[in-house]
Structure formats: C-alpha cells, structure tokens
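4 protein chains.
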Amino acid sequence: TDLFLTETFSKYFMKSGAKATGFTVLGDRNELADMDFVISVGGDGTLLDTVSLVGEYEVPIVGINTGRMGFLATIAKEDVEKAVQVLFDGDFTIQDRILIHLEADQKLFNGVPYGLNEFTIHKRDTSSMIIVHTYIDGEYLNSYWADGLIVATPTGSTGYSLSCGGPLISPSAKNFVITPVSPHNLNVRPMIVSEESEITFSIEGRSKKFLISLDSRSTAVDASVKLKVKREKFVARLVKFHDYSFFDTLRKKLNWGFDMRN
Amino acid sequence: TDLFLTETFSKYFMKSGAKATGFTVLGDRNELADMDFVISVGGDGTLLDTVSLVGEYEVPIVGINTGRMGFLATIAKEDVEKAVQVLFDGDFTIQDRILIHLEADQKLFNGVPYGLNEFTIHKRDTSSMIIVHTYIDGEYLNSYWADGLIVATPTGSTGYSLSCGGPLISPSAKNFVITPVSPHNLNVRPMIVSEESEITFSIEGRSKKFLISLDSRSTAVDASVKLKVKREKFVARLVKFHDYSFFDTLRKKLNWGFDMRN
Amino acid sequence: TDLFLTETFSKYFMKSGAKATGFTVLGDRNELADMDFVISVGGDGTLLDTVSLVGEYEVPIVGINTGRMGFLATIAKEDVEKAVQVLFDGDFTIQDRILIHLEADQKLFNGVPYGLNEFTIHKRDTSSMIIVHTYIDGEYLNSYWADGLIVATPTGSTGYSLSCGGPLISPSAKNFVITPVSPHNLNVRPMIVSEESEITFSIEGRSKKFLISLDSRSTAVDASVKLKVKREKFVARLVKFHDYSFFDTLRKKLNWGFDMRN
Amino acid sequence: TDLFLTETFSKYFMKSGAKATGFTVLGDRNELADMDFVISVGGDGTLLDTVSLVGEYEVPIVGINTGRMGFLATIAKEDVEKAVQVLFDGDFTIQDRILIHLEADQKLFNGVPYGLNEFTIHKRDTSSMIIVHTYIDGEYLNSYWADGLIVATPTGSTGYSLSCGGPLISPSAKNFVITPVSPHNLNVRPMIVSEESEITFSIEGRSKKFLISLDSRSTAVDASVKLKVKREKFVARLVKFHDYSFFDTLRKKLNWGFDMRN
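Chains as they are written, first to last, in the working numbering: chain A, 1 to 262; chain B, 1 to 262; chain C, 1 to 262; chain D, 1 to 262.
Just chain A, with the same shape it has in the complex (with noise of 0.2 Å):
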C-alpha cells in the first residue's frame, strides 16, 4: 500500500511540524489512474474540491470530516482509524453520484468544466435581475425572470438549490432540477427533468455580464454566450459504509427529529 499526499496537503503537513515519512507527493494527476481510492480531509467544500482533482479517474473517494458531519464528508475524523479497516476489509459500497457537465463556446473553468452540486447563472451586483430563456433537449421550457436559475444534481438538492425552494432528491433518482432563484414570476416552480436532458440557455439583462458557477467556482462571462449543461460521461464514486443512511443525515442536519413547536 502506497500513500500518496497532494502537494498543498504535503506541504501544510510538513510545516505544522509532523515528522511523517513513507509517502509520495502527487506529481501528475495521472498517477491517479493506478489508486484504490482517495481521502479527503477536511469538509463537504473540500469533498468538492476533490471530485474536481479526480475527474475522468472515477477513484472511489473517501470522506473524512474534520469538523461537523457533512452530507459527503460522512466519516468523523474519531472513526479514521476504523474506517481504514473498513476499507482493507473492503466492507463497503461504492454509490456513483452523478455530475453536471457545462458546454460552452468558449473555454471555462481551467478545463474543469463540471460539478458535483450545481451549475448556476446570476445577475451581477448591482443590476437588476436577468432573464433566462431555457429549454430542454431543443424544447422550449420557459424564461425565468430571476436574480438567477440554478440547475442542481441530487446531491446538489442539499445545498443552494434547498435554499431557493428547490425539493430533496434522493440519490437514487435521476434527476436534474432546475430552481429559479427569487423569480418575479410568482407562478414559476422547481422543475424535475430527467438526469438525460440536455438544457440550454440564453440570458438577456441590462448587464452586458452576468455570473455563471459550478459548484463554488465561479466566473463572469458575456451575454452572448452560449450555455449547454448535461450529465458528464463520468461520474463520482463515494465510498458508503454500511452504517451510512443519507436519510439519517438528512433528518440530522435538517433537523427533523424533533418538532420543538409543539
């Protein structure tokens, strides 16, 4: 068993005076091809940045949560050392998550063009709200007059999408869902299409730029162009003990146990 560290994570290591040897700085991301899996320390931002470094190599992750439990970052840091053992026991599942690949005619995103949360179009600061004309596979869905639209996956239902009055989606169905962030438009709701659609766009405002994202990264980018976002060819595999239930985490992190009103 070889241990491989980034070299961000290998340099904040050294310098906080851990004395560890026996591992190798990362070089070229394709030395991921040959890994059994990669761990990531920290929270649910940091799960995301780690989808992000594996990409196309689809290595199963394996999230260690160093503060609160996060919805992907599911293993406390107190649990690590039975975790591994888990992990050498090969006493787990692996769930494939689905991402959202964004195309456009123009390059994006340092050639990371994919989440495994949400793609998002907003208005800038100080200009009124946008509107976005949308359509699906070629059809056309509506124009959402909004300070935004979100298109999230299901593990993405738990972030700003819930925010915006999106549902939960379960991470066994298939599913994209489209929210309209603060739309004017009383009548619009959160829109359920199937994680095969292809939904384009095309924004009109006052402003000559608006903002587009994927996940938290997120950049400015003329009206004129053109936005495509789909299901990307791979996808990200989380490592699942067998004590995790996604449910449970939901009723934890959302609070439902207990009705306190009554």
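In short, the hints are calculated from the structure, not lab data.
Please note that the accuracy of each hint is not assured.
[Claimed, not checked] Here are the computed lysine-lysine pairs in the DSBU-like style, where the Cα-Cα straight-line distance is at most 35 Å:
1) Lys77(D) x Lys11(D)
2) Lys174(C) x Lys209(B)
3) Lys252(D) x Lys174(C)
4) Lys240(B) x Lys253(B)
5) Lys253(C) x Lys226(D)
6) Lys253(D) x Lys208(D)
7) Lys252(A) x Lys174(B)
8) Lys209(C) x Lys252(B)
9) Lys174(A) x Lys253(B)
10) Lys252(B) x Lys77(B)
11) Lys228(C) x Lys208(B)
12) Lys252(D) x Lys209(A)
13) Lys15(B) x Lys208(C)
14) Lys209(A) x Lys15(D)
15) Lys77(B) x Lys77(D)
16) Lys174(D) x Lys228(D)
17) Lys228(C) x Lys253(B)
18) Lys77(B) x Lys11(B)
19) Lys209(B) x Lys253(A)
20) Lys226(A) x Lys208(D)
21) Lys252(C) x Lys230(C)
22) Lys107(B) x Lys19(B)
23) Lys228(D) x Lys208(A)
24) Lys226(D) x Lys233(C)
25) Lys228(D) x Lys174(C)
26) Lys240(B) x Lys208(B)
27) Lys11(C) x Lys209(B)
28) Lys107(B) x Lys208(C)
29) Lys174(C) x Lys82(C)
30) Lys253(B) x Lys228(A)
31) Lys77(C) x Lys252(A)
32) Lys253(D) x Lys209(A)
33) Lys253(B) x Lys82(B)
34) Lys226(A) x Lys240(B)
35) Lys228(C) x Lys240(D)
36) Lys228(D) x Lys240(C)
37) Lys107(C) x Lys208(B)
38) Lys253(B) x Lys208(C)
Assemble chains B, C and D onto chain A, guided by the hints.
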C-alpha cells in the same frame, strides 16, 4: 372500425335526443382487450376515470376536453375531426405515464388500487394533525407531523402536490414526489425518490380513523392498516399529437407567459 | 390572598390524593371580576382554554407549562415558586394580545365567539376544495380556491398559519394575517391587514357544509351562513416576566439558533 | 396655476421637438414648498425617483404610467385629461405611505437616506453568504445566514420581498417586513414588525465588503459599518382617485382573477 360507448355515456347520449346508431354498448371490461383506442370526452377528471376503466388493458387513451384545455385532456373539442384523421393516419406518439399502486392488508378502492396522479393520507375533519412514519425501501425516512402526506407521480405533480409546495416533474423523469400537507416541522421539504422505490407508512394520531385517497376516490381507514405504495405493473398510455408540448401546457396553465408584476 | 380553583381542576386535584385546603372552587364566572390573576397550568392549549374562560373580564393570565416551553405558557414548572414571588412583588409587565371575534347570523361556539390564535374556514373531509370570497372593510379582496383559509392574530402567527406559509408577526405589530391553505392559484400569497379591518366571507363549494374553527374548537356550518371577523372588544392580558423575550422563544422553538446544514 | 418641469424632463421635452411654453424649469428643491402636486410620468420606477425628489416637502404625488399599470403609477396616460379635472375638482383622497429611513455612521446615498419600497443588505457577487445579526429595538432577533436580507415597507411588499417569499401587506397595515434572501437555515420565515421599530444590523462574512440598497440605489460598504433602519419622519403622499382599489391592482397584476390550472 367499431365504435363502443360505455353504458353511462350511451344512456346520457340517448337521453340527449341524439339519434346516432352504429355503436355498441361496452358490456364487459374484457372487450377492452381488442380496442385500438379509448376516447375520453370531458376534462382531466374524466380522463382519470378512463384510466381506472382501462387499467391493465393499457389501451391508448385519447383525451378530448369539452371545456378548458387540460394537462391530460389536451385535444380541444373543435379539433375532434382533425384528431380522428390523425388517429387513422397513425401520426402520433404514445406517452407512457406511470401509475401509483397501493398495497394494503385489507381490500380497498373496489379492486382499482391505483391512481394516475397521487396517493394521499389525510387527517379527518375535526381531528388534529397526524404523524406519518415513512420508509423508503424499508429504510426509515421521516415522521411527518402534518395535516397529510401526498405521494405524486410526475403526472400528478401539477395537481394537489403543487398546491402544497411540491415541484413540477417532467413526464420523462422517473420519480415519485413525497409532499407533506401543512407540515408542522418547518424544515421538512418535498422529497423526490426513484419510481422504483417502495414507500411504506404507519400512522399515528389522536383520531382512530384517517382518510386515504387515490386520485379523486377516497375512503376512511383505521390507523392499524398497513399501507405501501409503489409503481403499478402497467401504465397509462396517452396518445400525444406531434404539435403537443407539455411545457407549452405548463406555461399556459400556470400563466408563465407574461409577468404582470413588472 | 384567596385561591380559587376551577371545578374541573379541583376534582382532578382531589382525585390525585392531594390534601390541600384553603382554596375555593370557582362557582360563577362573575367571580372572575375580583381576581388579580388567573394561573393556567398545562401547555399552550390549556392557556387557550383559560382565555375562553376569562374572556371579557380581562384578568391577567400567568401561563405555567408542565411540559415543554410554550409560546404562551412561558413559565417552567420548576420556576413556580419564583414566579409567585414575582407576582407578589409586582415585578412584571402585562402584554395585551388581541383576540379575533367572529360574527355570524346564527349562534355558534356556545357564546364564546373569539379566539386568541386564529379563525379558520376549511372544506370537509372528502369534499373537493372550496371557494372563499373575501372582503376587507366591504371591499372585494379575492376569491380563494383552496382547502381552507386562516385569519390569524399575531399570537396565532406561530401556529397553523405558519405551517401554511404565513409570516411570523411580532406581538407589537397590530395586524391580522390572511393565509390560504393549499391554494390552487399559485400566485396567491399570505396578506397582512390592519387589526382594525373587518373581514367578511361568503363560501362556495360542491359540498353543502364546511367547517369553521376558533383556535381548537370547530363546527360544521351551511354555505349560506354569513361570516365576519374583526378584533374582539376585549383582549387577553398575559403576564410577562422581565427576563422573558418573545424572540428568544422563537429562536428556540423554531431551531434558529444553529444551522446544522452548514 | 403654474407648471414646473424638472430640468431633466424639460431638456428631454424640448429635444423631442415639443413647442410648449408656459412652464418654469424647477431650479431649487425649495420651490417644492409651494407646490400643490408633483406629477410623475413614467412607471413605478419613475415614481420612486419622484419620491426621492419630493422628500420632506411631502407634496402629493400623482402617478401617471406611460406603460403598463403600476402599483404606484396608477393612472393610465389615456386618462390624463380626466385626471387633471379630478385634481382641480379636489375629488380624490391622499394616501400616506411610510418611508424607510437608513441611519449609518457614515454618509451614504447622497443625503437621500430613505426609500419607499425597501432597504436591503446583500452579499457581493462572488462571495459566499453573509451573516446578518439583527436586533429589534435593541433586542436580539436572529442571525440570518443568507444571500441577503430585506426590510420592506407595506408599499415594498409587492416588490423584491414578494419574490423572496414575503407576504403582501395592505397599505393600511402599519408594519415593516423582514424577509431573508435565500436563507440557509430552512426554519427562518419572514417576520412582521411594527413600523415603530428600530432595526439594527451588524454583518459578518468572508468578504470585507457587502452591498446595501434603498429602492433601486445601491452602494458597497465595509462590514464595520453600523446600520439602523426605522420609519422616516416624513411620508410619501400619493394621490388616490376614488375608483382606485389597491386590491383590484393586486388581483390584476398577480393574475389572481382566474385559475387556469382548474
């Protein structure tokens, strides 16, 4: 080409003084086995009844609306002649819509234990809210403190579930949505699960009886009843003309076209 | 200082084997005229009953909760001794809470036609939705197509109205909120009106009967009934200790304190 | 009767080739002191600007809309002649609308620190959400984890607050509504407080700067700024014709009149 009328319809037809001949009154549901189409004349409510009649025979259904355009009865009565031509020409596609099947430990709903739109559990009139313990494929999801709980199909997502804050679901997305009715816990959100899920319930409440329904049919049951819903083995097959667009219907019926507030 | 017990309470008290003496059983409601305080022991539901008992006598009410902290019954049973001292010392303020008064063209609710939380109109069990034509001070507001309609006081804003999407209202804001229950028209929103408003209703529906309620008391009425709600002439006067904060209670009971999702 | 035009309007007017005479160009805001009416020609946005111009002079404002009917600019341009007659006849009432006043420890908004619709705090473009610690009359209310926070007047309740889930407020209800924008904590709800409240804020966030706005004017400020909003000492006085109904406007602009879904 033979024309059959349901008994109810033929009586109504004769009473109206119409002097048509050349049709047969439908005797036994077995006769459905040989039919090419069933034509539903009325509104969306009538089409729900038609689905109950057709059931496992899966005869393609043509929905003609005599009033306003429906989500299901999409052919205007003015276009009936054209529609007949389209049927003869075979110039249409057939869209399969899943049904929701109810399994209980007692006979309910007169041997028609399925619906096209939704299954609901609801508190009775004057009783206080109920607690619905809910499990997905045997795994505990949540205990909903609410006036009721809805499990809707994609077709039903534009109905009662929508009034209760549920998302819209494209007919091509293969899901159910679980939507609570006036939930007491403010954190609770509609939840999308795969159409392959089996959802089981146990109910608690001060009242001994509560209500369950499939589409517009409802009945009172004891809290001791065991209830499970899942996808029905057969589907409803809706005839869809080539100029029909679900998204167009959505935009028109939900007034998306035009934002009056601006 | 004289101590009175309601007949129900005193019976319950004696049956429990308590050997207390020195109290009088409350005979007639007139006796309330001379009381300094009424002490409500139970939960928020008990306090609603106490308000019905006290009514126009406006005796200040002290709410002791025997279970979890309530929005109304705010004194923990552990603090009863301290609370008695506070009452003797006069070290409290009194907070007036408006009541909602129902006026109908028939006698309803046994001569107690007011509530502290809310007035509701609701469809009956198995019937389809109702249409509630609503007028503010004689001016037409809207026709709600819904399962029901709530008019809540600020006090009631944390109850059923909140479950149906209504806003929270600070006790010092002088309003009612009109909140529809599962409205069919997706554009409809809760509406805040002045506490000086008179709100009248006429109801339409397939069913001849529908339900109305004041707090937890409900009754079936004919669609022909004329209904009007407005502020009650008298108020409920709640004793508030100096360390009590409505906002604290809100944060605790609605779990605002801590965002688990982050 | 003397007619004054603002400098901007008169330039625009002359440039259009109109050959009108008999008007004076408004020089100093002091001249507003003697005016009987200010006539705002445009839409609701123009009327917001007019309110900024008129300010403490409280001159009654007549709102003429050149496009679609507004919530504020309620007189159609076709009815201008009739409107002038109505003004001369004195056949109208005046409706006072409260303004929201911003107090800060630095000069902001060019000495026009009030708005008719709302005050907002918002995160900047690419930053993550902010935390807004909020106090009502010095008492701690809540710490909102959100994209932003709105404090709207009754007039502003039909604007941005409504898009973010806030309730409608009748002009006669004397309140502000505090509405979070995409709040992270799912339990948080819009909150109605008395118009007599003073609301103070302190802001936390990863970014050093955030945005604040009054109606459509916005500016970036440091997180160290001290912010307080309360009712402005003066009001906006809107001329209201007798056939005008706020509820009519609501129904029309929010499409309440007709339920297409049925």
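*Does Lys209(A) lie within 35 Å of Lys253(D) when you go C-alpha to C-alpha?*
Holds, at roughly 30 Å.
*Take a quick look at whether Lys228(C) and Lys253(B) sit within 35 Å of each other, Cα to Cα.*
holds, 33 Å
*Below or equal to 35 Å on CA atoms is what counts here, so check Lys174(D) against Lys228(D).*
Given pair Lys174(D), Lys228(D) holds - Cα atoms ~19 Å apart, limit 35 Å.
*asked:* Would the hint linking Lys253(B) and Lys208(C) be met if the CA-CA limit is 35 Å?
replied: holds, 29 Å
*Given the hint that Lys252(D) pairs with Lys174(C), does the C-alpha gap stay at or below 35 Å?*
holds, 27 Å
*Taken at face value, is the distance from the CA of Lys252(B) to the CA of Lys209(C) at most 35 Å?*
holds, 33 Å
*Between Lys226(A) and Lys240(B), does the CA-CA distance stay at or below 35 Å?*
Holds, at about 31 Å.
*Would you mind confirming whether the straight-line C-alpha gap from Lys11(C) to Lys209(B) stays at or under 35 Å?*
Given pair Lys11(C), Lys209(B) holds - Cα atoms ~31 Å apart, limit 35 Å.
*Are the Cα positions of Lys174(C) and Lys82(C) separated by 35 Å at most?*
holds, 32 Å
*Between Lys77(B) and Lys11(B), is the straight-line Cα distance small enough, at 35 Å or below?*
Holds: Lys77(B) and Lys11(B) sit about 21 Å apart, inside 35 Å.
*Below or equal to 35 Å on CA atoms is what counts here, so check Lys253(B) against Lys228(A).*
holds, 27 Å
_Satisfaction of hint between Lys240(D) and Lys228(C), Cα-Cα up to 35 Å_ = At roughly 27 Å apart (the allowed maximum being 35 Å), Lys240(D) and Lys228(C) satisfy the hint.
Hints 2, 6, 15, 22, 24, 26 from the list above are not met by this structure, while the remaining hints are.
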